[in-house]
Amino acid sequence: MAFIKLNDLEIEVEDGTNIVEAARENGIEVPHYCYHAGLSRPANCRMCLVEPYGPIPGAPPGTIGPARQLATGCTLTVRSAPPERKLEEKYDAIVRTDSSRVIKAREDILEFLLVHHPLDCPVCDQAGECDLQDFSYRHGHDKSRYIEVKNVPPKKDLGPDILLYSTRCIVCTRCIRFCDEVSGSGELGLINRGSHDEIDIPRSHEGTPIQLLDNKLAGNVVDICPVGALISKDFLFKSRPWFMEKADSICSGCSVGCNVTVEYKADGVYRIKPRFHEDINQHWMCDDGRLGYHYVNSDDRLQLPLKKVDGELVTTQWADALTLITENLSEVDAADIVVIGSAQGTNEDNYVLQQFAHDVLKTTQLGLFGQLPGEEHKFPQFTIEADKNPNTAGARTILGSANGNVVLEGDALWEKVASAKVVYIVSGVPERVLEDAERDALEKVDFLIVQDVLPSAVTELADVVLPGTTFAEKDGTFTNSTGWVQRIRKTIDPPGEAQVDWQITQQLAKQLGGEIDYHFAGEIAIAIAENVAGYGDATHQNIGDAGIKLD
Amino acid sequence: MVQERRILYEHLDVPNINTFDVFRQYEGYTRFEKAIAEYQPEEIADMVKESGLKGRGGAGFSTGEKWSFVPRDIEPRYLCCNADESEPGTFSNRYVLEKNPHLLIEGILICCYAMGIETTYVYIRGEFTLGKKMLDAAIKEAYEQGYLGENVRDTGLNINIYSHPGAGAYICGEETGLIESLEGKRGQPRNKPPFPAVQGVFMKPTVVQNVETLCNLPFIVGNGVEWYTQMGPTYGDTRFDPPKADPNTGTKLYCISGDVNEPGVYELELGLTSTELIEVAGGLRGEEVKAVIPGGSSAPILTHYELDTRLDFTSLTLAKSMLGSGGIIVMNETRNIVDCLLNIMKFYAHESCGQCTPCRWGTPWVRDIVQRIADGEGRQTTITRPKFGVTESGRWGDTGETEEIYEDLDLLENVANNIANVDTMTWNTICVFGIAVSWPAVSYMRKFKPEFEAAIREGKLVTLPVAEATVPPEENYAYQQRFIPKEFADL
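Residue numbers (my numbering), protein chains in the order written: chain R, 1403 to 1953; chain U, 368 to 858.
What the hints contain is simulated information worked out from the structure, not anything from laboratory work.
For each residue, glycine too, the CB sits at the ideal point set by N, CA and C.
Where hints are given, some of them may not hold.
[To be verified] Here's a subset of chain R near chain U, in silico, CB distances under 8 Å, partners left out:
#: 1; residue: 1445
#: 2; residue: 1447
#: 3; residue: 1472
#: 4; residue: 1477
#: 5; residue: 1511
#: 6; residue: 1514
#: 7; residue: 1515
#: 8; residue: 1517
#: 9; residue: 1518
#: 10; residue: 1547
#: 11; residue: 1548
#: 12; residue: 1550
#: 13; residue: 1592
#: 14; residue: 1596
#: 15; residue: 1597
#: 16; residue: 1599
[As the list claims (entries may be wrong)] Derived lysine-lysine pairs resembling DSBU-like cross-links, with alpha carbons at most 30 Å apart:
#: 17; chain 1: R; residue 1: 1407; chain 2: U; residue 2: 416
#: 18; chain 1: R; residue 1: 1545; chain 2: U; residue 2: 500
#: 19; chain 1: R; residue 1: 1552; chain 2: U; residue 2: 507
#: 20; chain 1: U; residue 1: 552; chain 2: R; residue 2: 1780
#: 21; chain 1: U; residue 1: 559; chain 2: R; residue 2: 1492
#: 22; chain 1: R; residue 1: 1545; chain 2: U; residue 2: 713
#: 23; chain 1: R; residue 1: 1545; chain 2: U; residue 2: 816
#: 24; chain 1: U; residue 1: 713; chain 2: R; residue 2: 1506
#: 25; chain 1: R; residue 1: 1552; chain 2: U; residue 2: 552
#: 26; chain 1: U; residue 1: 713; chain 2: R; residue 2: 1558
#: 27; chain 1: U; residue 1: 552; chain 2: R; residue 2: 1557
Assemble the whole structure, with the sequences as input and the hints as a guide.
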């Protein structure tokens, strides 16, 4: 640990911490643009200048004074010094971020940053969450002395989801370093020189792109752009950031379990941004997850229960659908019933489902359903996993947690389904296509109950369809492939009369005389913690924002 | 009349000196042989330190001291020869490369021996096609003669030289910009520390030396430290001399251009004044000297009142200018200083690498302001600001009075100082390109303020007579603000 004096604070920080981070931990803002904790540090924006103190050359020993040159806070790291090099006999470093020189330097740099900036905040997507705007307001001048002609570099289409408004760019090179260091794909670079520096993709002499910015992590460059230069086409002109609510959640795109922030308004989810988690996704997420939320807002969402009449699915009332299911379930043997949980559902959904199967239906034949595997993508500092479900590990453990429960997957499951009379399948898998074996098996079922969010190949075969909910509409927990249990949170209300999946299961249980009576997801998590091996600490309270790792 | 003192250039005009055989006839490689026969590597390094040799590339940093920063326990170490001579007004290295490349190779060999270096990169300015051709031929010959390669002259030393052409960027003359470019990256200087002596080429300890500096080594080794230190100024007879001699030893290749009758490279002992130098170069072309740029276009300008400043590293630092690369540009009474500044600012705005904020957007801004003044579009509005001058204590400072100044001149000075502050010598930029921009901008404006004011007032470029165009010595910040650096204070 290094003991440093930062302004008038005496603080202890880890060895190797830079001044920007040390200040941030202690509530002091050191404005910066090019520095990003997840990237290398070129110190080119010169915004984080601070004033280090040290021995004055030529002065008597022990005399401490400000260094002649200011230093960049991002590259100025502190570490424990040997006793003879301590300042004032106890500090490993003395740094001021509030001296008149530092304040003037910030003003000067901000003036330079704004000379070519178009000041088009009223039409800029970034306004409201823009570092240039915020730092100018807090540290800059109130007017510009620049009366010369401004540079107007062109707006560029860099890739499927990325636009570059070059006029707003401050050439901090975060995006270039991201593509070099994290995605390793290196699509971006600087062209021209000096004040004509522009970010660009490789192009032919005619200007046609040779390589688009289309890697699966490309969306992150929009997040790390400190100004409104890199813009996501998906979010372009959709909403002002301050009109959106935010909720911490987990990406449901694959089993990595990236920490995300879901930004939403009453009418739907607007965008998903990554949230820092040191052990799982660091600062990043992939574009599959980032842009994969659209099905939540889809107009096709199931809003009412459906039942099959003369081969056609028609809408019905909840009471009718539940009665129909109860009738069919009470007539068959427990051995002829298969209950299938979902790797897209939360641990809570699956826990209530297995309780329903084990305690009410008295069947131990359970299955696990989920999205078909996709491709694995490995990047230098990031991996997208092949398992496209967020909760395979959790669902598998929890479905199989009760005595004698068997969780069937793959061919074994479909063999069992083919011979069953009633199958209750909680899907919630958007755009699920069926393989031939799966279709054949499901077609043989006498009475198929499907709980889903969107019409799909699975719902087509169903006798009754119950409208469930997506990750954005419920509370709960996911367990990722490395054993992290993390919370998702309800953002928007489910469409129409759709209901949270465990509540639907609970109603079915009640209709059949079961005694399952939970009121909120946290209550189920407590039950999981009590009854499922390994989940002893996994209550919502313990999980919090950081998640917990199972042993 | 001052005589040339040819050391590096002594045999420059000998026919075919670029070939090994002819070079050998003129003591070629004997200094290197003497070095390996008579001295240990540490002794060579000590000799260089004692000789007081200062880097000839621009900063004037002591070569021996620079070598002492290189950690000896990290392998490999590199030598990087900076032959990217791109400072406007400087053209001395190219003659060494084109005419006497073996001298450079001998210098490199001595440096490699002293520092235990096996690999040398010579980064040659891209435009020096002839220079590169001659050097490559000389390197080839040296390999054939066994002075390069494995087991040099049966001494067990392995020394290799690779020449690498630049792509024509001024900033690649900055040592870390050069290293980045050499590594195949965009030529942008690195943030320091770490300095190249610790982490340079491929992040290994690297000695970066100018061609001229390396060419001095054979003569230091061959003729001894005592002989070398005798060359240089004897202080005490002009107003700008430091209190005691800071080592300014040896000769310098002064590149004299501008309004002189015989422009060219002159090898002279350090410490001559501008007046003497103009005499050596065939006298002034024109009636009177208006100004002299002492060290390449980035050096602050000297007025005709300051012509008795010695052109050596220390004296020019005390005169708030610098010797830099030794590119002396002389201007006579017909030159318009606003126009000169515009020319220089166009160059710097074009050459700014664009990496860090103040330089990327400050440099073109300064150019635009000067362009506006030169076009006669300077704003007539004035502002009132504190007046700096000689205070009651006799030092330069805030006089407590105020002055009226054209808004554009205040802006020009202020923007330049925000890139790199000329008065406090602090900069917000990554490299010293920032100060290379603000030095001319601020010094030209302050020292030739009447000409700038005339351009704004009249709405066009007006060339004033020398006496009227120059601010008098009592208002000249550099003339009056001569500070005595700490290292001289108690001598």
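Status of the hints after comparison with the structure:
no.: 1; hint: 1445; verdict: holds, 4 Å
no.: 2; hint: 1447; verdict: holds, 6 Å
no.: 3; hint: 1472; verdict: holds, 7 Å
no.: 4; hint: 1477; verdict: holds, 6 Å
no.: 5; hint: 1511; verdict: holds, 5 Å
no.: 6; hint: 1514; verdict: holds, 5 Å
no.: 7; hint: 1515; verdict: holds, 6 Å
no.: 8; hint: 1517; verdict: holds, 5 Å
no.: 9; hint: 1518; verdict: holds, 6 Å
no.: 10; hint: 1547; verdict: holds, 6 Å
no.: 11; hint: 1548; verdict: holds, 7 Å
no.: 12; hint: 1550; verdict: holds, 4 Å
no.: 13; hint: 1592; verdict: holds, 7 Å
no.: 14; hint: 1596; verdict: holds, 4 Å
no.: 15; hint: 1597; verdict: holds, 4 Å
no.: 16; hint: 1599; verdict: holds, 4 Å
no.: 17; hint: 1407/R <-> 416/U; verdict: violated, 39 Å
no.: 18; hint: 1545/R <-> 500/U; verdict: violated, 55 Å
no.: 19; hint: 1552/R <-> 507/U; verdict: violated, 51 Å
no.: 20; hint: 552/U <-> 1780/R; verdict: holds, 26 Å
no.: 21; hint: 559/U <-> 1492/R; verdict: holds, 27 Å
no.: 22; hint: 1545/R <-> 713/U; verdict: holds, 27 Å
no.: 23; hint: 1545/R <-> 816/U; verdict: holds, 27 Å
no.: 24; hint: 713/U <-> 1506/R; verdict: holds, 27 Å
no.: 25; hint: 1552/R <-> 552/U; verdict: holds, 29 Å
no.: 26; hint: 713/U <-> 1558/R; verdict: holds, 28 Å
no.: 27; hint: 552/U <-> 1557/R; verdict: holds, 26 Å
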